[in-house]
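For the record, the sequence lines run as chains A and B.
Here the first sequence stands for residues 1 to 773, where the numbers follow my numbering.
Here the second sequence stands for residues 774 to 1064, where the numbers follow my numbering.
Keep in mind the hints are simulated off the structure, nothing from the lab.
Worth double-checking, as some hints may not be accurate.
Unchecked claim - Listed next, with one range per pair, are the computed distances between beta-carbon atoms:
no., chain 1, residue 1, chain 2, residue 2, range
1, B, Asn1032, A, Tyr702, 21 to 29 Å
2, B, Ala923, A, Pro434, 52 to 60 Å
3, B, Arg961, A, Lys307, 32 to 40 Å
For every residue, glycine included, the Cβ atom is placed at its ideal position computed from N, Cα and C.
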Amino acid sequence: MAIGEPIVRVEDERFLRGEGRFIADYALPRMVEAHILRSPYAHATIRSIGLDQALALPGVHAVLTCDDLPEGLPPIHCRIPTHGDLSPYLQYPLALGKVRYVGEPVAVIVADTRAIAEDAAELVELDFDPLPAVTDPAAALAADAEQVHEAGNLAGRWGFDLGDVSGALEAATFMVSDRFSIQRHTAMPMETRGLLAYYDVGRGLLDIYGPTKVVHTNRNLLATMLRMGEAEIRMIEPDVGGSFGARGEFYPEDFLIPFAAIKLRRPVRWIEDRVEHFAAINHSRDCVFDVTVAADADGIITAFDVKLVTDMGGYIRTHGDVVPSHAGASFPGPYRVRNYRLDAMTVMTNKTPTGTYRAPGMFEANFARERAIDRLAQKMGMERAELRRKNLILPEQMPWHVGTESVKRPTIFDSGNFPLIFDRATDAFGWSLPYQREVDGWKRGRGMCALVEPSGLGPFEGVRIEVDQHGRVQIFSGSSNQGQGHETVLAQIASEVLTVPMEKVRVRHGDTGIITFGGGTYASRTAIIGGNAVYSASISVRTKALDAASRRFGIPVEELDLREGAIWHGLNNEPVAKIGDIARMLMPGNQEILQTPSAGNIPDNDGLVVTSYVRAVSAGAAVFAVHLADVLVDPATGETRVERYMVACDVGRQINPMIVEGQIVGGVAQGLGGTFLEELTYNEEGQLTTGTFTDYLMPNIYDMPPVTSLVFEESPATTNALGVKGVGEVGPSGVAAAVGNAIADALGTSVGLNTLPLTPQRVIEAIGFEVGA
Amino acid sequence: MKPAPFDYFAPTTLEEVFELLNRYGGDARVIAGGQSLVPMLALRLARPEVVVDLNRVPSLSGITEEDGVLRIGAMTRQARALASDIIGTKLPLLHQGLLNVGHPPTRARGTLGGSISHADPAAETPMVMLAYGAKMVIAGSAGERTVEAAEFTLDTFETCLEDGEILKEIIVEASADEGTGFSELARRRGDFAMVSAAARIRLDADGRCAEAHLMIGAVAPVPLRCDAVADALVGTQLTERRIRDAVRLIDLNSFSFDNAEVSLAYRRHIAPTLASRALAQAVGRTGGLRT
Chain A
1 MAIGEPIVRV
11 EDERFLRGEG
21 RFIADYALPR
31 MVEAHILRSP
41 YAHATIRSIG
51 LDQALALPGV
61 HAVLTCDDLP
71 EGLPPIHCRI
81 PTHGDLSPYL
91 QYPLALGKVR
101 YVGEPVAVIV
111 ADTRAIAEDA
121 AELVELDFDP
131 LPAVTDPAAA
141 LAADAEQVHE
151 AGNLAGRWGF
161 DLGDVSGALE
171 AATFMVSDRF
181 SIQRHTAMPM
191 ETRGLLAYYD
201 VGRGLLDIYG
211 PTKVVHTNRN
221 LLATMLRMGE
231 AEIRMIEPDV
241 GGSFGARGEF
251 YPEDFLIPFA
261 AIKLRRPVRW
271 IEDRVEHFAA
281 INHSRDCVFD
291 VTVAADADGI
301 ITAFDVKLVT
311 DMGGYIRTHG
321 DVVPSHAGAS
331 FPGPYRVRNY
341 RLDAMTVMTN
351 KTPTGTYRAP
361 GMFEANFARE
371 RAIDRLAQKM
381 GMERAELRRK
391 NLILPEQMPW
401 HVGTESVKRP
411 TIFDSGNFPL
421 IFDRATDAFG
431 WSLPYQREVD
441 GWKRGRGMCA
451 LVEPSGLGPF
461 EGVRIEVDQH
471 GRVQIFSGSS
481 NQGQGHETVL
491 AQIASEVLTV
501 PMEKVRVRHG
511 DTGIITFGGG
521 TYASRTAIIG
531 GNAVYSASIS
541 VRTKALDAAS
551 RRFGIPVEEL
561 DLREGAIWHG
571 LNNEPVAKIG
581 DIARMLMPGN
591 QEILQTPSAG
601 NIPDNDGLVV
611 TSYVRAVSAG
621 AAVFAVHLAD
631 VLVDPATGET
641 RVERYMVACD
651 VGRQINPMIV
661 EGQIVGGVAQ
671 GLGGTFLEEL
681 TYNEEGQLTT
691 GTFTDYLMPN
701 IYDMPPVTSL
711 VFEESPATTN
721 ALGVKGVGEV
731 GPSGVAAAVG
741 NAIADALGTS
751 VGLNTLPLTP
761 QRVIEAIGFE
771 VGA
Chain B
774 MKPAPFDYFA
784 PTTLEEVFEL
794 LNRYGGDARV
804 IAGGQSLVPM
814 LALRLARPEV
824 VVDLNRVPSL
834 SGITEEDGVL
844 RIGAMTRQAR
854 ALASDIIGTK
864 LPLLHQGLLN
874 VGHPPTRARG
884 TLGGSISHAD
894 PAAETPMVML
904 AYGAKMVIAG
914 SAGERTVEAA
924 EFTLDTFETC
934 LEDGEILKEI
944 IVEASADEGT
954 GFSELARRRG
964 DFAMVSAAAR
974 IRLDADGRCA
984 EAHLMIGAVA
994 PVPLRCDAVA
1004 DALVGTQLTE
1014 RRIRDAVRLI
1024 DLNSFSFDNA
1034 EVSLAYRRHI
1044 APTLASRALA
1054 QAVGRTGGLR
1064 T
């Protein structure tokens, strides 16, 4: 038994021993280092870039500008379908003619050391004509607004009008309308990005260390941009200290560093520093919802009417508009509301471009919807859990078609018993038990958020499983690992099916050199799609081993059995063969089985090796979750303290409960950061004003409440053989909503707490204050 | 995030320090614990030609007490001061203030003198020294001079230190029979305060307030002394009500810090609350009581 066991993560030992190999641990002979010179202006026309002084600095090898880019180089394309044509907004690796955000790459400086490269950067003469910066989406849409791109500041507009929203609003007994703002913030992985590119000039082969997340996609994109064969480029993922959606996308540097290595014929390494990370990594979340929610006299929610404006930043990147797309498609959440209208707009501004961040669109939509529902309950005088409970999608309505679509795929919840999980969650938390409203002058409030987190999206995943003569199993996965524990989880699945101990299973991943196709890591998909690929490949390995043993020993296959890593015949005391023996027999050229010479493929002796590509079901797997929080609020200062926190969710089936819990608790920590602390702010000139950890505040251990995860396996996913659902994004998804509702409850306010982060000042503003009172 | 090139010296005696500072004048910066200067160097916000490292000058560290007078070397680590029994018993306000300075790793390197000389308006240690009326011993090649804490900190990031001078030592007179209180609100524990308050209270034999000091930090370039509040408390029996009335005398008009994140109005709103808390805590701790 390996599936379902809380096995300690196999990768942790090397991390704890300091034996992990991260990109800055990699070096090659003759290696030089790159520094990206970035635009100091948010919006400007480039007149000239003077390089003489920089090139004259000893130790500098090259300074590459847009003039050095190959003729006809395409921009970095968007890998996800978008609402409308966003191609006019794509980014080139270096700014062409105009810069559109502070931090946009302008030149690549290559020198003996990073320090020299940074010295040289100060010697580059940037002659730029500053233009007014567009920093606010509302202002960007004004008629006389400065245009960030010729195609206009409104990049996209789409929506849905399902059912009869206007009729429902007219007929409504209760209605609440409010605006909810989710601040710009993003992933801050402990390890920043980095790349090391090595070009073998003679062979024309390019090796790149440092990519992650979607290495095959990135490899193919780079091959197109460099006009190379796909298999001539190898991207190799080292150990990676976090991604959360942001790290591993194809950024300008993913072209520039390999390009510099080819140009210089020397290995080039670039390690992003934290200040760069703030300006360069995809930002996220930055959006405003105008929500109207209507209900009838019985407390049945009859309509959601939503306007969504998202600040996309200066360019459209590889994620396109997937964040607002998900937010819009899943806005109705776990409620059976058929009248739903969405008017979504994506707006270009002179800020860092945006992309996904853990629970993309969902953290945002859940905050807006669940705060609005609390308001509605208050207005109706109905208990908040009761209102939610009444409107949940029922098990007999599964699969539930929301009626929307995102990235050209219909939004469908495959399975779930929402009321059951909801009841268990509220019971376990003691939601309806009375609680002391005041403690030492602090006020206590209770809040919840019910949500559906989609998971397991994306077209396919692949693995190849190889069993060697010693019975050791290697899994070559097309997916990537940035700390989630895939090396453990995938091994558990193979260990279970092949009946070999965990110690004999190794997982390798994130390397285009080890498997031809790969999907990658996003949308909480690896356990689902990668996991099912391993499951399917493992079953094929088992079948192949049993068939081989049957042929070799002349025993009908029905009488053979695989257990304890060996083939057994009936109740015999000794196995027929160990799985390693079978692997040896199946090696091409093996002499144990007499084969006629063959000029063609050797179909039966191609090793105990199976490659499996599993196609994902477009609905993915829907996780129902309830977040519950008790929060203390100091009404004198607006200080808050989350007392206890619970996430209850139905993940269908757990592969490793310890990893599931870790995902939830870590996710809550991240959600608390987005709720209380983290914010990327810009001034009117478009300068990032929270560009270091002095100003951009991450949650730390002092802020961490006790978190209980309550994980159920009631409704296995119907869209994959293992029945698993993705748990990676359930943790952060509902935090702002549950905590915001708890604070509002503590203060008994029906205004405010609509704008994240919930700083002490904003909390105080929600109850209004007079100076000196 | 690589500093601009600079020359680095690590002298072991004060004489060498002053010799270097004289030689390089305004081009030189001294480095103590590096908790502020190193990030500024990495961001190239500070670009000294020469960095003179004080970490290898043993005579700059240490805590001594003689007849109720404490002398604290400027290079004394915050962590060491925090762990010091002498400071814990004789200068409890400094102990309380240091609990709010950064985190164990930053306090392990950060020094008392470094923090005071950096003169961040939100920093705790300058405010504590003002509350104690400490004396700052300044040394240079021309010799030593001693100034009052109130004359040491001049403005945001600005002290009375001249080129070639360093803060060598802090002299604080301990007051045996007083209670102290410290209260601060930051976005996260250990971060720079949005508002902070420090209080010292001494009671007379009848339990009336004999002496009171209240400081408010992080609201103006230099921590504010609130003598009007102190005056209103002296001679009275200190009750919660009395304190609440007295903190209304905080001169909110002398607050000046205002930004989007933490507005002036918000600072003015929470300052009396934090001041009350610091004062109440101080009263609670009079007569050696610890709460």
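Going through the hints against the structure:
1. Asn1032/B to Tyr702/A: 21 to 29 Å: Holds - the Cβ-Cβ distance for Asn1032/B and Tyr702/A, about 24 Å, lies within 21 to 29 Å.
2. Ala923/B to Pro434/A: 52 to 60 Å: 53 Å, holds
3. Arg961/B to Lys307/A: 32 to 40 Å: 34 Å, holds
Comparing the model with each earlier hint shows no violations; every hint is respected.
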